Amino acid sequence: QQQVRQSSQSLTVWEGETAILNCSYENSAFDYFPWYQQFPGEGPALLIAIRSVSDKKEDGRFTIFFNKREKNLSLHIKDSQPGDSATYFCAATLSSGSWQLIFGSGTQLTVMP
Amino acid sequence: NAGVIQTPRHKVTGKGQEATLWCEPISGHSAVFWYRQTIVQGLEFLTYFRNQAPIDDSGMPKERFSAQMPNQSHSTLKIQSTQPQDSAVYLCASSPPSSERLFFGHGTKLSVL
Numbered sequence: 001q002q003q004v005r006q007s008s009q010s011l012t013v014w015e016g017e018t019a020i021l022n023c024s025y026e027n028s029a030f031d032y033f034p035w036y037q038q039f040p041g042e043g044p045a046l047l048i049a050i051r052s053v054s055d056k057k058e059d060g061r062f063t064i065f066f067n068k069r070e071k072n073l074s075l076h077i078k079d080s081q082p083g084d085s086a087t088y089f090c091a092a093t094l095s096s097g098s099w100q101l102i103f104g105s106g107t108q109l110t111v112m113p
Numbered sequence: 114n115a116g117v118i119q120t121p122r123h124k125v126t127g128k129g130q131e132a133t134l135w136c137e138p139i140s141g142h143s144a145v146f147w148y149r150q151t152i153v154q155g156l157e158f159l160t161y162f163r164n165q166a167p168i169d170d171s172g173m174p175k176e177r178f179s180a181q182m183p184n185q186s187h188s189t190l191k192i193q194s195t196q197p198q199d200s201a202v203y204l205c206a207s208s209p210p211s212s213e214r215l216f217f218g219h220g221t222k223l224s225v226l
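Going line by line, the protein sequences match chains A and B.
My numbering puts the first residue of the first sequence at 1, with every later residue one more than the last.
My numbering puts the first residue of the second sequence at 114, with every later residue one more than the last.
One chain only, chain B, in its complex shape (with noise of 0.2 Å):
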């Protein structure tokens, strides 16, 4: 089992570019969930997907960031027109069914120059 695959590890843009983030979860998995996490706000939640379906998208800022889960093998996390302060590391993680315990990828690493 290769473990929550998020691709690409590292992304450069420039603001105001678009920026798409992949995220493939463990088979079998039924939860999916995106963080960001930066050295001064630390870990913070963005949204969660359960069984393909959106669940709770209260940590998304409302403008420029979106994410989807078209399949049940991946997500997706854009950001619309970057600004330096997207700058940071984008966790995908994913969940068994009927479990709290998150196995994160590996993260990308966002820098909006």
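Next comes chain A alone, as it looks inside the complex (with noise of 0.2 Å):
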């Protein structure tokens, strides 16, 4: 069973709209939840992160959404550009643990320009 799951494996939006990017996970003690960027040929990136303690963070056009109750999280990329096309993984861990990040299947986005 997953613990990190992404509901979508690829998504398509247009320049200028906003991506929304899908997360939930199973373990609740999970506390730590960071995004990282993969570009084809390159290792992933961090991206945003958020602690469970909080249930928003921005960062620019990219903002992350997180609902404890429900165990899910989003990521919104606002205004999207077609340089934003890339893998989006969601993670997890618990930071008070082996901090081994256990990362969802990622979601390919692109941007149509």
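No wet-lab data here; the hints were simulated from the structure.
This structure is a prediction, so every number in the text was calculated from the model and none was measured.
Derived DEER-like restraints, expressed as beta-carbon distance ranges:
(1) A:V53 <-> B:K175: 33 to 39 Å
(2) B:Q196 <-> A:E58: 41 to 47 Å
(3) A:E58 <-> B:R177: 43 to 49 Å
(4) A:R5 <-> B:Q196: 24 to 30 Å
(5) A:Q108 <-> B:Q196: 25 to 31 Å
(6) B:N164 <-> A:K68: 28 to 34 Å
(7) A:R5 <-> B:G172: 16 to 22 Å
(8) B:R214 <-> A:M112: 30 to 36 Å
(9) A:F65 <-> B:G129: 47 to 53 Å
(10) A:Q81 <-> B:K175: 43 to 49 Å
Residues from chain A that face chain B, not an exhaustive set, calculated with beta carbons under 8 Å:
(11) P44
(12) A45
(13) F89
(14) T93
(15) W99
(16) Q100
(17) S105
Glycine residues also receive a C-beta, built at the ideal position from the N, C-alpha and C atoms.
Need the complex rebuilt from these two chains, each delivered in its own frame; the hints are there to steer you.
If you want it as structure tokens, here you go:
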């Protein structure tokens, strides 16, 4: 059973739209939730992260909305650009534990110009 | 800062041969992680070291896979008797002290023929 689930394998939006990527998790003890962005041929890179004590984290065009009760979160990318086309991984960990990040299967985002 | 350096970028081995993958973490980072990435399984945790000591190897296949960190400037992942199912991108990441943030290398793409 996947501990971190991303509901969409792929998502296509038009330039300027808001892309919404969804994620859910199983372990209610998880308390740190990063989103990583990966371009072809590169390793994933941290985009934005939230801790379970918060319900929203914003960084420029990127916002995480977090619902602890429902055990889900979403990444909103406002004013999407073709350069945002990449694979986005939701991840989770227990920061007081071994810090092993559990990754979702990823959502491939395509932003059409 | 060159980031996490992984060598080689690509490795092709015949079935049954040994493969050794190298990782040079970012200077000053205290933790090193190994992940395996495939289309089917996504990003799978393999093992991690903190201050050169092995902390968690729960993701390592018990046979044929081993990892070492002989000094703070490099880690190796060795796969003995490689099988076609070992074909994947092997990603190394390092993390600064007291941080959950992972900095990934570009990965080593292993192809077992």
